[in-house]
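Chains A and G supply the protein sequences, listed in that same order. The first sequence begins at 1 in my numbering and counts up one residue at a time. The second sequence begins at 545 in my numbering and counts up one residue at a time.
Note that these hints are calculated values from the structure, not bench results. Careful: at least some of the hints might be erroneous.
Taking lysine-lysine and the BS3-like style, the derived pairs with C-alpha atoms no more than 30 Å apart in a straight line are [as the list claims (entries may be wrong)]:
1. 188(A) / 330(A)
2. 180(A) / 192(A)
3. 264(A) / 29(A)
4. 373(A) / 656(G)
5. 192(A) / 440(A)
6. 373(A) / 439(A)
7. 393(A) / 656(G)
8. 643(G) / 180(A)
9. 643(G) / 188(A)
10. 168(A) / 530(A)
11. 447(A) / 192(A)
12. 152(A) / 138(A)
13. 393(A) / 447(A)
14. 566(G) / 69(A)
15. 560(G) / 69(A)
16. 643(G) / 393(A)
17. 393(A) / 560(G)
18. 393(A) / 552(G)
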Amino acid sequence: MHPLYDCIVVGSGPSGVQAAQTLLEGKMKVLMLDVGIKQDRFYQDNLPNSSFTQVRESDPNQHHYFLGKNLDSVAKDWQNKQDRLTPPLAFTKELVGLWQSKIDKNNNQFFMESMAKGGLGNAWGRGAFTFNEKELDKVGLAREEANRSYQKIAQRIGISGTRGQAVKLDPLLPPLFLDKSMQYLWNKYDQKNNYWRRRGFSLERTPLAVQSIPKKGRQDEQYWDIDFWSLGKSAGYHPGHTLDQLLLEPTFTYLPQHYVFKFKDQTDGVLVMAKHTGTLEEKTFRCRRLLLCASVLGTARIIMNSLHAQAHKRPLICNPFAYGIWLNTKMFGQQNSIAKSSFSQLSLFEQATDPGSFNLLNLYTYRSLLLTKLMNELPFSYRFSYQICAILKEMLVIGGLHLPEESHPTNYIRLLPDRSSPTGHILDINYHHDDRRLKKAIRSINKPLLNWGAIPLMTQYTASGASKHYAGTFPFSTREQKFCLSREGRLHHTRHIYVGDASGFRHLPAKGPTLTIMANAHTIASGLLKNFKALLSVEDSLNK
Amino acid sequence: MFTQQEAKVISRYLLKVDIDQKQVDLYAQTIASGDFQLSIFEQRIFRHQIQRPIHCAAYDAILGWTHPNGNIRKRFFLMFSILETTPQFSDHFLGVHNKLACIRIGFVGIIKYLFHLSLGILFLTFQFIIHRLCTPFMTASS
Ligand SMILES: Cc1cc2nc3c(=O)[nH]c(=O)nc-3n(C[C@H](O)[C@H](O)[C@H](O)COP(=O)(O)OP(=O)(O)OC[C@H]3O[C@@H](n4cnc5c(N)ncnc54)[C@H](O)[C@@H]3O)c2cc1C
Numbered sequence: 001m002h003p004l005y006d007c008i009v010v011g012s013g014p015s016g017v018q019a020a021q022t023l024l025e026g027k028m029k030v031l032m033l034d035v036g037i038k039q040d041r042f043y044q045d046n047l048p049n050s051s052f053t054q055v056r057e058s059d060p061n062q063h064h065y066f067l068g069k070n071l072d073s074v075a076k077d078w079q080n081k082q083d084r085l086t087p088p089l090a091f092t093k094e095l096v097g098l099w100q101s102k103i104d105k106n107n108n109q110f111f112m113e114s115m116a117k118g119g120l121g122n123a124w125g126r127g128a129f130t131f132n133e134k135e136l137d138k139v140g141l142a143r144e145e146a147n148r149s150y151q152k153i154a155q156r157i158g159i160s161g162t163r164g165q166a167v168k169l170d171p172l173l174p175p176l177f178l179d180k181s182m183q184y185l186w187n188k189y190d191q192k193n194n195y196w197r198r199r200g201f202s203l204e205r206t207p208l209a210v211q212s213i214p215k216k217g218r219q220d221e222q223y224w225d226i227d228f229w230s231l232g233k234s235a236g237y238h239p240g241h242t243l244d245q246l247l248l249e250p251t252f253t254y255l256p257q258h259y260v261f262k263f264k265d266q267t268d269g270v271l272v273m274a275k276h277t278g279t280l281e282e283k284t285f286r287c288r289r290l291l292l293c294a295s296v297l298g299t300a301r302i303i304m305n306s307l308h309a310q311a312h313k314r315p316l317i318c319n320p321f322a323y324g325i326w327l328n329t330k331m332f333g334q335q336n337s338i339a340k341s342s343f344s345q346l347s348l349f350e351q352a353t354d355p356g357s358f359n360l361l362n363l364y365t366y367r368s369l370l371l372t373k374l375m376n377e378l379p380f381s382y383r384f385s386y387q388i389c390a391i392l393k394e395m396l397v398i399g400g401l402h403l404p405e406e407s408h409p410t411n412y413i414r415l416l417p418d419r420s421s422p423t424g425h426i427l428d429i430n431y432h433h434d435d436r437r438l439k440k441a442i443r444s445i446n447k448p449l450l451n452w453g454a455i456p457l458m459t460q461y462t463a464s465g466a467s468k469h470y471a472g473t474f475p476f477s478t479r480e481q482k483f484c485l486s487r488e489g490r491l492h493h494t495r496h497i498y499v500g501d502a503s504g505f506r507h508l509p510a511k512g513p514t515l516t517i518m519a520n521a522h523t524i525a526s527g528l529l530k531n532f533k534a535l536l537s538v539e540d541s542l543n544k
Numbered sequence: 545m546f547t548q549q550e551a552k553v554i555s556r557y558l559l560k561v562d563i564d565q566k567q568v569d570l571y572a573q574t575i576a577s578g579d580f581q582l583s584i585f586e587q588r589i590f591r592h593q594i595q596r597p598i599h600c601a602a603y604d605a606i607l608g609w610t611h612p613n614g615n616i617r618k619r620f621f622l623m624f625s626i627l628e629t630t631p632q633f634s635d636h637f638l639g640v641h642n643k644l645a646c647i648r649i650g651f652v653g654i655i656k657y658l659f660h661l662s663l664g665i666l667f668l669t670f671q672f673i674i675h676r677l678c679t680p681f682m683t684a685s686s
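Could you build all of it, start to finish, from the sequences and the hints given here?
Next comes the structure, spelled out in structure tokens:
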């Protein structure tokens with residue numbers, strides 16, 4: 001049996017590392033159990049330290065980074081329109097099929113999980129939004145606490161942007177530069193911003209967890225347009241940054257290759273059972289409190305397996321998502337800025353029917369996915385498609401549209417037994433979203449874009465799950481209700497089991513949830529710390 | 545079957561460039577390791593494209609509509625990916641045209657494309673008929 005830990009945190013994604021950091025700041029003894037099988041060394045060690053154009057003009061091995069060492073993204077994934085992870089980030093979703101198996105009856109779902117160190121947080125686009133008060137209420141988070149936690153996380157990870165609908169934080173790092181194409185759109189909006197606001201639209205700089213100025217050993221943004229390639233030299237925050245710091249703490253232990261499959265909640269603490277992913281050996285760990293940060297789907301697997309709730313349906317929320325390509329006519333025959341970032345530059349908000357709720361289109365101009373991928377979307381001959389792309393490439397604006405989403409009774413997950421899986425179960429995801437809402441939103445968002453000179457070229461409506469924003473499996477509830485979480489993140493009907501990821505969120509605004517997930521993990525860990533202090537003072541007085 | 549030759553023909557068709565042995569090898573390796581298998585009908589068309597490079601554009605134009613996800617398209621896509629990530633051809637992809645050049649390229653491109661598309665419709669229909677007529681004999685002889 002292993003020593004007693006104050007807290008075991010499961011998962012090393014954004015929620016896990018932020019919760020662990022808070023616990024360690026309170027001097028707790030923390031064990032982090034993580035599948036963490038997959039880590040990238042090849043790309044991090046081999047990526048050239050130079051700009052996109054330099055790489056393209058001189059590096060004979062550039063296909064490794066853009067298309068995969070064996071041109072995998074052509075040979076295997078060429079028709080995959082849902083998942084655009086660049087080869088250096090593909091490790092994020094590798095191996096999940098075996099350990100985190102899912103049923104996809106109609107082959108029309110794209111729910112993504114990760115077994116990598118850092119989780120899906122390795123690949124996130126760094127869009128770091130704060131939820132407004134109405135959104136926080138709907139999600140089920142306390143406003144004041146959430147705002148304090150946002151501030152804390154922003155200090156830790158660094159957020160650049162300007163205060164507005166997208167982010168309400170003070171201070172923020174200066175926003176990243178806009179490239180020429182985005183500057184045109186921005187100027188057009190800015191000339192009549194009151195007019196557009198009255199019509200329910202507002203255009204803002206996308207808030208990003210990206211260092212616009214250097215800080216604590218992290219490089220500032222280099223505008224090399226290769227930010228989507230990898231983690232190593234990235235100015236964008238990813239959980240590995242925090243994990244590296246945590247590993248220096250004497251009271252912190254990180255155990256990768258441990259798949260947690262069950263817990264036992266006992267009067268004096270928790271037993272946590274994990275399987276080693278290499279040897280399949282089962283191990284048991286002990287702690288006073290268990291904090292599950294294994295992502296919404298991962299946490300659901302652990303809870304349902306532990307509470308023998310197989311086949312029990314749990315709700316699932318996921319933002320409807322579509323992406324599209326627009327042509328910025330102002331860029332016709334012009335060259336876009338050579339130095340630019342591939343992160344989202346502008347966020348276009350559209351007031352949704354529900355007050356305080358928005359649809360959100362994030363706008364990008366990256367080139368690092370190459371023209372080839374775009375040509376593949378066109379039905380023409382490759383030669384003609386190439387000519388079109390060569391003319392249009394500087395005009396291309398890529399937009400990702402997210403809509404807010406609620407829980408629906410028809411959208412749920414359940415855990416079913418499966419002998420062939422090393423975990424003994426398989427996740428059955430039943431999810432359907434209606435593209436009509438997305439189509440309506442695209443039509444409406446096209447009005448200002450057309451006015452600013454951006455012509456819609458194509459829209460791709462993605463499969464369910466493709467937004468990669470998940471929530472709602474164990475919703476917050478003030479009543480002691482089974483399979484729900486208290487405001488403090490405790491799983492009702494248990495004593496010591498807490499959940500630190502988005503499982504408790506009762507609603508998903510269109511804004512990326514990861515900053516809120518991290519803030520919530522911090523709030524829950526802070527609550528645990530208070531809890532511990534009370535516990536320790538009781539133990540002290542008993543000892544005396 | 546003729547990967548060396550096809551690599552050269554496709555790259556000539558796509559960008560009008562001659563490739564090195566390195567790119568040919570990369571193309572051949574990827575074809576050998578991935579799923580690029582052609583059906584009998586596709587083999588017939590592909591043979592025509594490679595043996596008569598002048599027909600490449602016509603077939604490519606029509607296949608974009610009739611077989612967008614077929615393995616002939618996939619082979620062209622593979623070669624394009626290789627060309628785009630080869631430094632000596634980076635100019636083809638990174639260079640910027642001025643407004644006039646854009647209009648000229650676009651206009652000429654559309655005309656040529658429409659011409660190739662109409663030829664492609666004829667060629668493909670012809671190949672389809674031949675394929676249909678030959679299939680019973682092929683199955684009988686095999
Ligand atoms: C391409 C992409 C772009 C994105 N862009 C944005 C964006 O711009 N803005 C935004 O807000 N969000 C974005 N997201 C979403 C964001 O990545 C997630 O919201 C975030 O990573 C969730 O954090 P998490 O800690 O809950 O889970 P994860 O990051 O998934 O981490 C889960 C961790 O738990 C571990 N784990 C799972 N099961 C077990 C188990 N049984 N035992 C032990 N360990 C386990 C995994 O190994 C992993 O380390 C994006 C996601 C993707 C994929």
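Going through the hints against the structure:
Our distance criterion of 30 Å between C-alpha atoms is met by residue 188(A) and residue 330(A), whose separation comes to about 11 Å. This hinted pair checks out: residue 180(A) and residue 192(A) have alpha carbons roughly 19 Å apart, not beyond 30 Å. Using a Cα cut-off of 30 Å, the hinted pair residue 264(A) and residue 29(A) holds, with the two alpha carbons roughly 20 Å apart. In summary, the hint linking residue 373(A) to residue 656(G) is supported, as the alpha carbons are separated by about 23 Å, within the 30 Å threshold.
Pair hint residue 192(A) plus residue 440(A) holds up; C-alpha atoms about 24 Å apart against a cutoff of 30 Å. Of the pairs offered as hints, the one joining residue 373(A) and residue 439(A) holds, with about 24 Å between alpha carbons and a cut-off of 30 Å not exceeded. With a CA separation close to 21 Å, the supplied pair residue 393(A) and residue 656(G) stays within the 30 Å bound. With a C-alpha separation of about 17 Å, the suggested pairing of residue 643(G) with residue 180(A) holds against the 30 Å cut-off.
A threshold of 30 Å between alpha carbons decides the hint, and for residue 643(G) with residue 188(A) the separation of about 22 Å falls inside it, so the pair holds. Among the hinted pairs, residue 168(A) with residue 530(A) is consistent with the structure: their alpha-carbon atoms are about 27 Å apart, no more than 30 Å. Under the criterion of a C-alpha separation no larger than 30 Å, the hint pairing residue 447(A) with residue 192(A) is consistent with the structure, at around 14 Å. The straight-line distance between the Cα atoms of residue 152(A) and residue 138(A) is roughly 22 Å, inside the 30 Å bound, and the hint therefore holds.
Restraint check for residue 393(A) and residue 447(A): the C-alpha separation of about 23 Å stays at or below 30 Å, so the hint holds. Restraint check for residue 566(G) and residue 69(A): satisfied, since their Cα atoms lie roughly 15 Å apart, inside the 30 Å limit. Proposed proximity of residue 560(G) and residue 69(A) is supported: the alpha carbons are some 26 Å apart, at most 30 Å. In summary, the hint linking residue 643(G) to residue 393(A) is supported, as the alpha carbons are separated by about 13 Å, within the 30 Å threshold.
Only pairs whose Cα atoms come within 30 Å are accepted, and residue 393(A) paired with residue 560(G) is accepted, the gap being roughly 20 Å. About 26 Å separates the Cα atoms of residue 393(A) and residue 552(G), which keeps this hinted pair within 30 Å; it holds.
The structure is consistent with each of the numbered hints, conforming to all of them.
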